[in-house]
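First to last, the protein sequences are chains A and B. Take the first sequence: its position 302, counted from the start at 1, is 302 in this note's numbering, and no numbers get skipped. Take the second sequence: its position 104, counted from the start at 1, is 104 in this note's numbering, and no numbers get skipped.
Bear in mind the hints are in silico, worked out from the structure with no lab data behind them. One or more hints might be untrue.
What the hints assert, rightly or not - Distance ranges between label pairs, derived from CB positions:
| no. | chain 1 | residue 1 | chain 2 | residue 2 | range |
| --- | --- | --- | --- | --- | --- |
| 1 | A | Gln269 | B | Pro93 | 29 to 39 angstroms |
| 2 | B | Val73 | A | Tyr224 | 43 to 53 angstroms |
| 3 | A | Leu18 | B | Tyr182 | 34 to 44 angstroms |
| 4 | A | Ile10 | B | Arg273 | 50 to 60 angstroms |
| 5 | B | Asn193 | A | Glu191 | 33 to 43 angstroms |
| 6 | B | Arg273 | A | Val281 | 28 to 38 angstroms |
All C-beta atoms in this analysis are idealised placements derived from N, C-alpha and C, irrespective of residue type, glycine included.
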Amino acid sequence: MKKLNKSFWIGIVLALVLYGIIQVLLTTGIFDDVMQSTLFLICINIMLAVSLNLINGITGQFSIGHAGFMSVGAYVSAILTLNFDVPFILALIIAGVVAACFGILIGIPTLRLNGDYLAIATLGFGEIIRIVMLNTEYVGGASGLSGIPNKTTWTIVFLFTLVTIVVITNFIRSTHGRACIAIRENEIAAEAMGINTTLYKVIAFSLGALFAGMAGGLSAHTFYVINPGSFNFLKSFEILVMVVLGGLGSTAGAVVGAIVLTVLFTVLQDYPEMRMILYSVILILMMIFRPKGLLGTGISFKKFAKKGAQSDGSISKGSAS
Amino acid sequence: MEYFIQQLINGISVGSIYALIALGYTMVYGIIKLINFAHGDVFMVGSFIGLYSARYLANAGLPPVVVLLLSLVISMTVSALLGISIERLAYKPLRKASRIAVLITAIGVSFLLEYTGVAIVGPQAKGFPEILNKQQYNLFGTSIQVDSNQIMILGTTVVLMIILQYIVHRTKIGKAMRAVSYDMEAARLMGVNVDRTISATFAIGSALAAAAGVIFGMTYNSVDPMMGVLPGLKAFVAAVLGGIGSIPGALVGGLLLGTVETEVSSLGYSSWRDGVAFAVLILILIFKPSGLFGKNVREKV
Chain A
1 MKKLNKSFWI GIVLALVLYG IIQVLLTTGI FDDVMQSTLF LICINIMLAV
51 SLNLINGITG QFSIGHAGFM SVGAYVSAIL TLNFDVPFIL ALIIAGVVAA
101 CFGILIGIPT LRLNGDYLAI ATLGFGEIIR IVMLNTEYVG GASGLSGIPN
151 KTTWTIVFLF TLVTIVVITN FIRSTHGRAC IAIRENEIAA EAMGINTTLY
201 KVIAFSLGAL FAGMAGGLSA HTFYVINPGS FNFLKSFEIL VMVVLGGLGS
251 TAGAVVGAIV LTVLFTVLQD YPEMRMILYS VILILMMIFR PKGLLGTGIS
301 FKKFAKKGAQ SDGSISKGSA S
Chain B
1 MEYFIQQLIN GISVGSIYAL IALGYTMVYG IIKLINFAHG DVFMVGSFIG
51 LYSARYLANA GLPPVVVLLL SLVISMTVSA LLGISIERLA YKPLRKASRI
101 AVLITAIGVS FLLEYTGVAI VGPQAKGFPE ILNKQQYNLF GTSIQVDSNQ
151 IMILGTTVVL MIILQYIVHR TKIGKAMRAV SYDMEAARLM GVNVDRTISA
201 TFAIGSALAA AAGVIFGMTY NSVDPMMGVL PGLKAFVAAV LGGIGSIPGA
251 LVGGLLLGTV ETEVSSLGYS SWRDGVAFAV LILILIFKPS GLFGKNVREK
301 V
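All chains, full assembly: derive it from the sequences and hints.
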C-alpha cells in the first residue's frame, strides 16, 4: 500500500511539472492558438476516453452512447453560463451531476442486457438524447447554441483532467473497482460471490457519465458553439476508438489513445476524407494484428468470446490500471 | 380512416426497404453473432452501382423495365462480391478473436466504405434517374392512392423473399447455413464447409441490401455516401424487433417499423421519427430482448 501511495504522489508531481511547463509555454506565447485548442481538445478527449474505459474496459459493459452523456453536460453547462450566469466551475460540476443522473437513468433499464444488445441500446439512448436536443427550441434546436463564453483555461482543463484520472484510477484500485473487474471477467460468478452486480454496473455507468458530462461542458466552453450534430454516434465511436487504440482496460492506454488520435486528427485536418480512411484502416489493422491495443492489459473478455473459440493465451491480470 | 390507410401503404413501402436490409443483418448475426455495422454501407454502395448502371443502360436506349431489372442484377452481383471480400479481408482473420474486436472492425469497415465513397463521388447528394415513370392509381374508387413505385417496391421485396425462403429451406447451401447458425462446430464435424457457408451468407445479405439500395434511390431520387448510416441502424432495429436471427422476423420487424415511422410523421412529429425508432428498440430490448419471433436462449454457465 505504501508503494502504491508513493507512485501515486510521483504521478501527481510529474503532472504538476507538466502543468507548469505548458503554462510557461502558453504565457510566453510559444504555443499559438491552434496548439492551445489542440491541447484543450487532447485533455477533453482524455477525460472522455478514461471515463468510457471505466464502463467498457473495466466493468466490461460495452457502451457506445458516450457522446450522449457528453452532450447532456455540454448543453447543461452552456445554458447555466449563458442564461443564469452561474460560475463556470459550478456549471461544470452541475453538468457532470446531471449527466451522471442520465447515466443512472440509462444504466438501470439496460442492465438486463449484455454484450451486443447493450451496445445497441446505449447507441439508441445516445441518439434519442440527440433527437430530443434537436427538437427542443429552448436549446436552439438544430442550429444549437452559439455565443457560449470562452471560459475554458489551461488551469481548469488540467485540473478536471487530473481529477478524472485520479478519481478513476483510485476507483479501479478500490474494493468497488475490484468488484467491477470481477463483473467484467464473469458476471455470473461475480454474482455468486455476493457482488451486487446491478449496483456496481450503475456506479460505473454514472461515474463514467459524470466525467463525460464535465468533458462536454469543457468542450462547449472551448469551441463557443454546440449543436446536436456534433454529438452523434460518430463521436461515440471516436471515443471508443481512442480507448481501443490505447488498450481496453488500461487507463494509461486510454490517455495515450486520446493523445495519439487527437494529434493525428489535427495534423490531417485539411484532408478530411483521407483522415477518415486512414483512421478506419488503422482501426481494422489494429483489430487484426494487435487487438489488445497499444498498452492493453491482455484482459480475457470471456463474455465477448465466442462459444467454442480457443482462448488466445491471454491471461487476466489482477490489476488493470 | 382513408388517410390512415394511405399512411399504412406508404409505411409498408418504407418498411420493405428496412426489411430487405434487416435480412442481411439477421442472417449474418444468426451465423457468426456479429452486428455487421458495414451492412448499411453495402446498401449505399449498391445504390450507387444501381445509379451508374441505370444511367449507362438508359443512355444505351434500353426499355425502362429492362434497365430496372439489369441494374438490379448488376448492383446485387457487385455488392455480393463486395460482401464476400469484406468478410474475407476483415472478418475472417478475426474468426477466433473476441466479439468486441470484431464489432470494432465492423465499425472500421463501415467508415472505410463511407469515406472511400466520399473520396470517389464527393460528399454531395446525387440525383437518381427516374427509371420507371411514376403513375398514380386510385384504390377501389376511393381517394387512397398507390403509385407504381410502391407496387414495384412491394413486388420486388416479395419476389426476393420467396427466392430467399427457397434458398434457405430447399437448397444445400441453405441447409448448411441453418446448420452453421445452429452449431458451428458440430456443422464443421459433419463436413459442412463453414467458410464457404459464411461467404454465401454475406453474399446473399449484401445482394438484398443492394436491391434495397436501388429501390431506395428510386423512391427518394437522391443518394449520397452517408445515406447508409441511418437506414442501416433502423434496419438493425427492425431485425432486433422481429427477433434477430429469424428471417420472417426481419420482414415483420421492417414492415412494422416502417409503418410506425410513417404514422408518427403523418401525425406531425416527423422530426421525432428517428427517435421513435430507437425508443421502439429500447422498449423491445427491455421487455422482450429476444424479439417478436426470436427464441429465448439461456446463457449456459
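Hint check results:
1. A:Gln269 - B:Pro93: 29 to 39 angstroms: Taking Cβ atoms as reference, Gln269 (chain A) and Pro93 (chain B) lie about 32 angstroms apart, which means the hint holds.
2. B:Val73 - A:Tyr224: 43 to 53 angstroms: For Tyr224 (chain A) against Val73 (chain B), whose Cβ atoms are near 52 angstroms apart, the range 43 to 53 angstroms holds.
3. A:Leu18 - B:Tyr182: 34 to 44 angstroms: violated, 56 angstroms
4. A:Ile10 - B:Arg273: 50 to 60 angstroms: Holds - the Cβ-Cβ distance for Ile10 (chain A) and Arg273 (chain B), about 54 angstroms, lies within 50 to 60 angstroms.
5. B:Asn193 - A:Glu191: 33 to 43 angstroms: holds, 40 angstroms
6. B:Arg273 - A:Val281: 28 to 38 angstroms: holds, 34 angstroms
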